[in-house]
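Heads up: the protein sequence lines correspond to chains A and B, in order.
Just so we're aligned, residue -16 is where the first sequence starts under the working numbering, counting upward by one.
Just so we're aligned, residue 4 is where the second sequence starts under the working numbering, counting upward by one.
Honestly, the hints are just simulated from the structure, not real lab data.
Being a predicted model, the structure only gives us computed values, none of them experimental.
Mixed in with the good hints there might be a few duds.
Derived DEER-like restraints, expressed as beta-carbon distance ranges [as the list claims (entries may be wrong)]: (1) A/F(-3) with B/G261: 37 to 47 Å; (2) B/T756 with A/A48: 14 to 24 Å; (3) B/L74 with A/F(-3): 19 to 29 Å; (4) A/P(-6) with B/A259: 52 to 62 Å; (5) B/G528 with A/P(-6): 51 to 61 Å; (6) A/K37 with B/S94: 49 to 59 Å; (7) A/D102 with B/A574: 34 to 44 Å.
Where a beta carbon is used, it is the ideal one built from N, C-alpha and C, also for glycine.
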Amino acid sequence: MDLTLNVNGRPEKFAAAPNELLVERLRDGLGLTGTKVGCDTGQCGSCVVRLDDKSVKSCLVLTVAAAGSEVTTIEGITTTGGELTGLQEALRQEHGTQCGFCTPGMVMALGELVEATADGEAPTEPEIREWLTGNLCRCTGYHSVVRGVQRACAASRAEAPADSAASTAVAQEV
Amino acid sequence: MTTVTGETKEVTEAVETTETAGTTEAAEATEAAEIAETAPYGNGVLGQPLDSREDPQLLRGEATYVADINLPGTAHMAILGSPVAHAKILSIDTKAAEQLPGVLKVATAADFTDVMPLPCIWIPGGVESHFPPHPYGLPGARPVLTGDAVRHVGDPIAVVVAETPRQAAAALAAIEVAYEPLPVVTLADEALKEGAPQLHEAVPGNLNAYWTCGDKDRTDAAIAVAEVTVELDLVNQRTINSPIEPRGAVGDYNAATGEYTLYASTQGPHNHRFLLSALVLGIPFNKLRVIAPTVGGSFGTKGYLYPDMALVLLLSKALGRPVKWVDTRTGLMNSTVQGRDHRQHVVLAGTRDGRITAVRATSYANLGAYPSTIGPGVATALMGRSISGMYDIDAAFCEVYAAFTNTVSLGAQRGSGRAEAAFLMERLVDRYASEIGMDPAAVRRKNLVPKEKFPYDNGLGWTYDSGNYQLNFDRAMELSDYAGMPARKAEARARGKRLGVGIASYVAICGVGPSTRMSKEGMLGGTWESANIRVHPTGEVTVTVGSASTGQSHGTVFAQVAADELGIDPAQVQVYEGDTLKAPYGQGTYGSRSYSMAAPAVALTARKLKAKLVKAGAVFLGVPEDKVVYEGGKVHEDGNPENTKTFAELAMAMWYGWGLPPEIEPALDETTHFDPPDFNYPFGTHVAVVEIDELTGETEVVAYTAVDDAGNIGNPKVVLGQIEGSIMHGLGQALMEHAVYDENGLLESSDLTRYALPRAFDAPFFTLGKTTTPSPHNPLGAKGAGEIATVPPAAAVVNAVVDALSDLGVQHIDMPVTPEKVWRRLRGEAQ
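Isolated chain A, as found in the complex (with noise of 0.2 Å):
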């Protein structure tokens, strides 16, 4: 069938096959390769995309059930001149990455809780494990990534009111 889906803020119209998931779509369809899979059962968290500011598991969703919402990925939320956003800059100094290949979905779920706390509680470790359930990571054992969404919420929460570069760093996520 015949439809739209905004991806990164750009209308795409094409026809999708009603048993089409939206990662292919989202991989094969439109070339946004940055939105991995690791999985076939929905465990790994590889694909992990914002679905109207949600975060879900795009390996989960039909490209149909999505038409007409926004969509955004990794490639949604990264600048052309290579700056890192609040939370990949906190994973960078915190080596929340090895092989990389989990982490364009850890990113999108993150940001998801890291956004909620610029102006809420900053989450506790159990709290940012917990949210992490729905990612599963080989290489580092979580812990650079836990400490990494500590710092980016430490920063979120310290540099909003008086430094807004910060706080647009975050808000691009969106």
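Fit chain B to the given chain A structure using the hints.
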């Protein structure tokens, strides 16, 4: 060459990761302060926790993995794996599949009769062994597609190439195969019994090899007269490595030039090039180019040769189009090499007062249905020669029966061999301590190899290069507050929890390796490593290595090595690897070898360049060579710092080559092939603290301390990440991971809903410390680091669980330590 003293330096502060990011920063500062001691040359950039330069690209999702490669005109391959574990193939009918939409080709073994089987290149050393045949007289592994019989679920039978991945997958279902079922065997010890199902004609009784190391008579005699002996039957269960990126391959044949290009998720592109061209396809070496794009983790699995690598090349040639294959998770679990899988009977003998006198292990190793590229060597030498661990034991012996069964091929898994060895030894030590009523820490301390005995011959084939095990062990006891455990146990008991503490020490052979030594170990090939450094006319530097990263930040760390040696800014240095057309030969990244094999090649190459610059500097400065000082990336006249040339000036002058005497070649471009005199032996001590819920049997790791010694470290931030990830990997085996085959050989745990991997909430932050004992076997004093911390966690956790249940008479519990197993033991049920 730098003098390496072999002295262990204790860090003044541990790297505490128990607190917040702020604490980690403080720890980094402490480590940075050590650099002056560990790097006596260069500009000190080596040893600093520089941010990984690979990270931004990864964090932005811009790295290209093999699944992201889409060449124009690509067709897609899918593989039909056997649904049954053992059967004769009576017929294969592909006609219906060929008629389906989008299908370009369906192929079976009959299409590839001139293709050789994938060879096995690490055979059990020094003993008679049996393999399926290879036409070159090598041990053969497996055909690219099987035609006569299937030997495990997932055994590749046919392939479909179609316009889209979905069309290819759909057509698999239309291939009709008629099977005559054969009896199935999935356990190594069962496979060796009289009357067991037979897998290969050339391998009578399924026995690949009976392999031993150590002194049997001496060991048996010591056990016979011992005051105390303890025995255990252990199952080191089969596990699945599970990199998050499944494997993939793209083949691209160029009919005009006759050249093949393979893009593959490989940790050893040069090895794959050699094995595929010479020993499988039978094509000239220089007609095959192998490119490793960014690789999404490996942990041992992606150094092996797999049928799909040959198939995409053959089918690309047949179809005149690029052919791409990307595995699924379930496909990976039924095709990519699996780990561990030893069933063992182990014995330790000692005195009443805690002196270990002998250790003996009998192990049945399950090689799976076909020998993988290096699986048989992993299952024998890496395990057997490592069983005595950190201990000074007078008599030791290990025997391994390596057998074929109807399961996926065995290979390396992070810490392979050494983890199995540490598990059996550390379980035995705890069992012995319990038997003689001594504290497990006291028994260990009493038996550690003394500092003055290095280099230490362990009697099993390894000569430990350097170490200070007492310092390392004591540091772990201190950091974990081992002395405070009785109070913690009492406090936990008051909360209705059983607290247990478990220690595991280890020595992990790394730095494979000395090629001649490895040949005696049964390795059919060299195991050296290489690096090229080219200095460009404007003073920038390109380092190209034969190694290939699967997430180890080679681009960062090798740049640090070159920059440190040359005294230049690491930002000037660019690192390339992974493309056999561009890189010097190398064996790849495995066994934690890159920093102690490839990095020394980089350092030695930089030293050649420096030596050349000193010679040339004499010309450019107009002074005798012995008056030229190379310092801080410049040369100057000794005693006259005004007479100087910068690195960039020298680079340009060498590019022009004007005024050079005949004995100095122009340009700055050097290569080194590094083959070390022996292996290196990192070591460490880990302490796990677990709490067991009396009601549910759940085991929670509440504290974990690790003190590892990886010699001189190039980038502490990178190594910290590897240590943390390695521990988590080991905790996975201890608590949840298990490749379960049913009696029909069906892998029950064939996707991630049924094969559990550790998730973020499965462990708290770790407490990490280190000691530093440089290795004398390479110019950096480096030892392996990437996987070493995977070696002890399984033993530490099981020791802790047994400790927590010891008042119930529990002497051992098999991995994975699931809530059900613990719950049953809490109720007095036997194992």
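Here is how each hint holds up against the structure:
Roughly 40 Å separates the CB atoms of A/F(-3) and B/G261, a value that falls within the hinted 37 to 47 Å. Range check, B/T756 to A/A48: about 22 Å between beta-carbon atoms, so the 14 to 24 Å window is met. B/L74 and A/F(-3) have their C-beta atoms about 23 Å apart, which keeps the hinted 19 to 29 Å range intact. About 42 Å separates the C-beta atoms of A/P(-6) and B/A259, a value inconsistent with the hinted range of 52 to 62 Å.
Look at B/G528 against A/P(-6): about 55 Å separates their beta carbons, and that is inside 51 to 61 Å. A hinted range of 49 to 59 Å holds for the C-beta pair A/K37 and B/S94, which are about 51 Å apart. Evaluation of the 34 to 44 Å hint for A/D102 and B/A574 yields a pass: the beta carbon distance comes to about 38 Å.
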